[in-house]
Amino acid sequence: MIARFFGGPSPRALLLLGALGAMLLVAPFVANDYLLTVLILILYFAYTGQAWNIMMGFAGQLSLGHAIYVGLGAYVAALLFTRYGIAPWIGLLAAIPVTVACGAVIGFLAFRFGVAGVYFAILTIAFAEFARIGFDHLDIVNASAGLFLPVAQYAHNDLWRLRGNPAMFYYVILAATVLAFILSRILMTSRIGYFWLAIREDEIAARAAGIDTFRYKMAAVMISAAVTAFAGVFYAFFYNNLFPEQVFNISRSIEIILGPVIGGVGTLFGPILGAFILTGLAETLNSAMLHFGFDLPGAKQVFYGICLLLVVLALPNGVWPWLARRLGVREGSR
Amino acid sequence: MSFDVYLNVAVGGILTGLVYGLMALGLSVVFGVVRVVNFAHGEMMTIAMYLAVVLFSQFHLDPLLMLVPIAAVLFVCGYALQAGLINPFITRPEHSQFLLLVAVGLIIVNSLLIIFGPDARSVQTSYAYDSFQIGSLIVDASKLYAGAAAILLAALLFAFFRFTLTGTAIRACADNYTGAQVVGLDVKRLYALTFAIGAACVGAAGAIMTLIIDVTPMLGPTYTLLAFVIVVTGGLGSMPGALLGGMLIGLTEAFAGLLFTPSAKSMFAFGILVLVLLFRPQGLLGKRLA
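Chains as they are written, first to last, in my numbering: chain A, 1 to 334; chain B, 335 to 624.
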């Protein structure tokens with residue numbers, strides 16, 4: 001397994017990876033709190049992008065409603081913590097089955113009835129919207145009033161209960177991103193990864209070749225949902241508040257997608273690179289506007305939209321395949 | 335609650351639904367022909383709504399009269415958008431098209447936010463509080479005019495696609511892309527024209543919509559979704575389906591608002607979508623999927 005994992009990329013790619021890893025590891029010692037928060041946001045989107053990429057990039061199933069898995073994961077863990085004092089890591093064990101079940105329901109309904117392509121994408125949006133409005137009226141989760149986690153000044157970091165300073169959260173999400181990357185790498189080169197590739201490229205041909213397409217599409221949705229569950233738990237404990245209107249909002253789903261699409265769908269580095277580009281761009285804009293005292297609501301998003309437009313027009317396959325060629329590294333981009 | 339209440343709510347819902355249907359018709363036409371999912375559809379409608387609001391507040395021009403020039407403006411915008419941005423994307427994967435139009439939507443929403451601010455704007459016509467009474471049935475004048483205008487425009491659109499040469503050519507592009515090219519149709523131009531017609535449709539719907547609801551910049555994404563729900567429910571690419579879907583969703587929303595709470599109304603619309611996708615994935619009036 002280890003040999004196979006390191007066997008793929010060229011030494012040059014490993015060197016780049018090592019350099020990036022080292023930089024990320026020492027970041028909390030040099031970065032201030034603001035920069036650290038930005039880095040946490042970047043890694044969060046790298047993580048969720050990686051999770052989405054398993055479903056879309058590998059298996060070709062377009063989900064436009066990934067916020068539902070983030071939201072469910074967040075609510076399950078937060079509810080267990082606030083009501084029963086159950087630690088988030090145990091909460092995660094409860095959150096994963098819930099999101100997997102939700103993914104299984106969506107997948108089962110769609111794939112059984114031959115709902116595919118755009119229709120499937122719209123079904124995923126519909127479920128996320130359904131959850132948003134449903135949670136907005138669900139009293140057990142405080143409905144639209146929102147669910148709050150107790151916030152206090154912590155003398156020392158409590159990793160088990162995920163209470164502490166940004167540096168702790170930074171290392172948690174960094175570790176999660178690395179694990180998601182490794183999982184993606186393993187999945188990509190495994191048997192199931194090749195089945196997914198076949199399904200993505202030509203589902204009818206894949207079925208003709210004897211692949212149980214229903215089963216592997218279900219697996220893609222469920223694995224992606226399970227990975228995304230942790231992002232929800234992290235979201236809940238990092239932000240300490242949950243509103244259905246925000247967590248399940250379609251903009252959240254779109255934010256998850258933007259990173260991997262900008263970076264390169266179906267690649268391993270795409271989601272990470274895309275998260276750096278997008279969040280970096282947004283935050284640079286923020287501070288630039290703050291610096292020049294230019295405060296016009298919406299101006300940032302317009303500029304953001306124009307940048308997005310330019311990237312999509314200029315680099316249809318994403319930035320990573322182009323950058324990888326420039327750097328002379330070959331990554332198993334599919 | 336008496337029968338009268340239900341009847342009133344049903345009629346109101348259907349009239350609103352007709353305007354929804356006209357809006358969704360724009361999306362349906364574009365998807366049926368160009369095969370591009372316009373994720374900036376609702377955002378385009380908010381542009382039309384703001385045009386109507388500005389024309390009314392500055393010059394006291396009635397939205398129902400202004401829907402023709404507003405539709406014309408949107409027509410030009412739609413043509414430019416398809417010819418300039420979307421045509422190169424028609425052969426690209428769905429997620430790529432999706433991102434392109436999300437970017438367009440993002441720019442529209444936030445440009446409107448910069449220009450008009452986040453507050454809701456409305457049109458106060460002289461007949462805003464009028465109503466007609468037929469027996470125990472009371473119908474808002476605004477909703478009645480809105481529904482009638484929507485039906486009229488939808489009928490014009492049907493006639494255009496059915497009886498004109500250009501309409502027939504566009505249907506040919508939708509049926510068989512390669513075949514249309516073989517017989518010498520300028521498919522790219524027809525695509526741009528189709529998108530322009532779709533945009534004009536949603537422009538007219540937007541102008542009419544100002545009679546029924548207030549406009550905020552954030553309305554765009556919500557109505558994009560609503561248009562999708564309607565089109566998929568009615569059957570993607572089916573024009574009568576879009577109208578039927580609109581009425582069905584309008585009815586559902588009206589009854590959900592009456593029997594549960596208005597804020598939960600779109601949940602029921604999504605519920606209908608899920609049911610339709612499960613039991614009739616091609617939509618109520620759609621053709622069988624391949």
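Hints are computed from structural coordinates only; laboratory data are not their basis.
Among these hints, one or two may not hold up.
As the list claims (entries may be wrong) - Derived SDA-like pairs (lysine to any residue); straight-line CA-CA distance at most 25 Å: (1) B/K522 to A/Q246; (2) B/K522 to A/G146; (3) B/K522 to A/F243; (4) B/K621 to A/G117; (5) B/K599 to A/Q246; (6) B/K621 to A/I250; (7) A/K300 to B/P452; (8) A/K300 to B/I448; (9) B/K599 to A/G146; (10) A/K300 to B/K621; (11) A/K300 to B/K599; (12) B/K599 to A/S144; (13) B/K477 to B/D548; (14) B/K599 to A/T213; (15) A/K300 to B/R455; (16) B/K599 to A/L313; (17) A/K300 to B/M552; (18) B/K599 to A/Y119; (19) B/K599 to A/P316; (20) B/K522 to A/A145; (21) B/K599 to A/L315; (22) B/K621 to A/G146; (23) B/K599 to A/R112; (24) B/K599 to A/F243; (25) B/K522 to A/G117; (26) B/K621 to A/F113; (27) A/K300 to B/K477; (28) A/K300 to B/I449; (29) B/K621 to A/V141; (30) B/K599 to A/D202; (31) B/K621 to A/V319; (32) B/K621 to A/L159; (33) A/K300 to B/K522; (34) B/K621 to A/L315; (35) A/K300 to B/F450; (36) A/K300 to B/L447.
Claimed, not checked - Which bits of chain A does chain B cover? Going by a derived footprint, with three or more residues having C-beta under 8 Å, they are: (37) 34-43; (38) 284-298.
Heads up, the beta-carbon is just placed ideally off N, CA and C, and yes, glycines get one too.
Now for the hints, and whether the structure bears them out:
About 40 Å separates the Cα atoms of B/K522 and A/Q246, which puts this hinted pair outside 25 Å; it is violated. Proposed proximity of B/K522 and A/G146 is contradicted: the alpha carbons are some 49 Å apart, above 25 Å. For the given pair, B/K522 sits about 45 Å from A/F243 by alpha-carbon distance, which is inconsistent with the 25 Å threshold. Between B/K621 and A/G117, the direct Cα distance comes to roughly 16 Å. Compliance with the 25 Å bound is thereby established for this hinted pair.
Distance hint between B/K599 and A/Q246 is fulfilled; the C-alpha atoms sit about 18 Å from each other, no more than 25 Å. At most 25 Å may separate the alpha-carbon atoms for a hinted pair to count; B/K621 and A/I250 exceed this at roughly 29 Å. Among the hinted pairs, A/K300 with B/P452 is consistent with the structure: their alpha-carbon atoms are about 15 Å apart, no more than 25 Å. Pair hint A/K300 plus B/I448 holds up; C-alpha atoms about 10 Å apart against a cutoff of 25 Å.
Only pairs whose Cα atoms come within 25 Å are accepted, and B/K599 paired with A/G146 is accepted, the gap being roughly 20 Å. Proposed proximity of A/K300 and B/K621 is contradicted: the alpha carbons are some 43 Å apart, above 25 Å. This hinted pair does not check out: A/K300 and B/K599 have alpha carbons roughly 32 Å apart, beyond 25 Å. Distance hint between B/K599 and A/S144 is fulfilled; the C-alpha atoms sit about 15 Å from each other, no more than 25 Å.
Taking the CA atoms of B/K477 and B/D548, the gap is about 14 Å. The hint holds against a cut of 25 Å. For the suggested pair B/K599 and A/T213, the alpha carbons sit about 36 Å apart, so the restraint of at most 25 Å is broken. At most 25 Å may separate the alpha-carbon atoms for a hinted pair to count; A/K300 and B/R455 meet this at roughly 23 Å. Between B/K599 and A/L313 the alpha-carbon distance is near 38 Å, which puts this suggested pair outside the 25 Å criterion.
At roughly 16 Å between alpha-carbon atoms, A/K300 and B/M552 fall within 25 Å of each other, so this suggested pair holds. The hinted pair formed by B/K599 and A/Y119 meets the criterion: a straight-line CA distance of about 22 Å does not exceed 25 Å. About 38 Å separates the Cα atoms of B/K599 and A/P316, which puts this hinted pair outside 25 Å; it is violated. Of the supplied pair hints, the one linking B/K522 and A/A145 is violated, its CA atoms being roughly 50 Å apart against a limit of 25 Å.
Taking the CA atoms of B/K599 and A/L315, the gap is near 40 Å; set against the 25 Å cutoff, the hint is violated. A threshold of 25 Å between alpha carbons decides the hint, and for B/K621 with A/G146 the separation of about 43 Å lies outside it, so the pair is violated. For the hint linking B/K599 to A/R112, the alpha-carbon distance of about 28 Å lies beyond 25 Å, and the restraint is violated. About 19 Å separates the Cα atoms of B/K599 and A/F243, which keeps this hinted pair within 25 Å; it holds.
With a CA separation close to 24 Å, the supplied pair B/K522 and A/G117 stays within the 25 Å bound. The suggested pairing of B/K621 with A/F113 holds, with an alpha-carbon distance near 16 Å, which does not exceed 25 Å. Taken as a hint, the A/K300 and B/K477 pair is broken in the structure, with Cα atoms around 38 Å apart against an allowance of 25 Å. Our distance criterion of 25 Å between C-alpha atoms is met by A/K300 and B/I449, whose separation comes to about 14 Å.
The suggested pairing of B/K621 with A/V141 is violated, with an alpha-carbon distance near 42 Å, which exceeds 25 Å. This hinted pair does not check out: B/K599 and A/D202 have alpha carbons roughly 39 Å apart, beyond 25 Å. Simply put, B/K621 and A/V319 have alpha-carbon atoms about 39 Å apart, too far for the 25 Å limit, and the pair is violated. Between B/K621 and A/L159, the direct Cα distance comes to roughly 56 Å. Violation of the 25 Å bound is thereby established for this hinted pair.
For the hint pairing A/K300 with B/K522, the CA-to-CA distance comes to about 34 Å; that exceeds 25 Å, so the pair is violated. Taken as a hint, the B/K621 and A/L315 pair is broken in the structure, with Cα atoms around 36 Å apart against an allowance of 25 Å. Restraint check for A/K300 and B/F450: the C-alpha separation of about 16 Å stays at or below 25 Å, so the hint holds. Among the hinted pairs, A/K300 with B/L447 is consistent with the structure: their alpha-carbon atoms are about 11 Å apart, no more than 25 Å.
Interface restraint, the segment 34-43 of chain A with chain B: violated (0 residues with C-beta to C-beta distance below 8 Å; minimum three). Coverage of the segment 284-298 of chain A by chain B holds [criterion: at least 3 residues with CB-CB distance below 8 Å; count 3].
Violated hints, listed in ascending order, are 1, 2, 3, 6, 10, 11, 14, 16, 19, 20, 21, 22, 23, 27, 29, 30, 31, 32, 33, 34, 37; each of the other numbered hints is respected by the structure.
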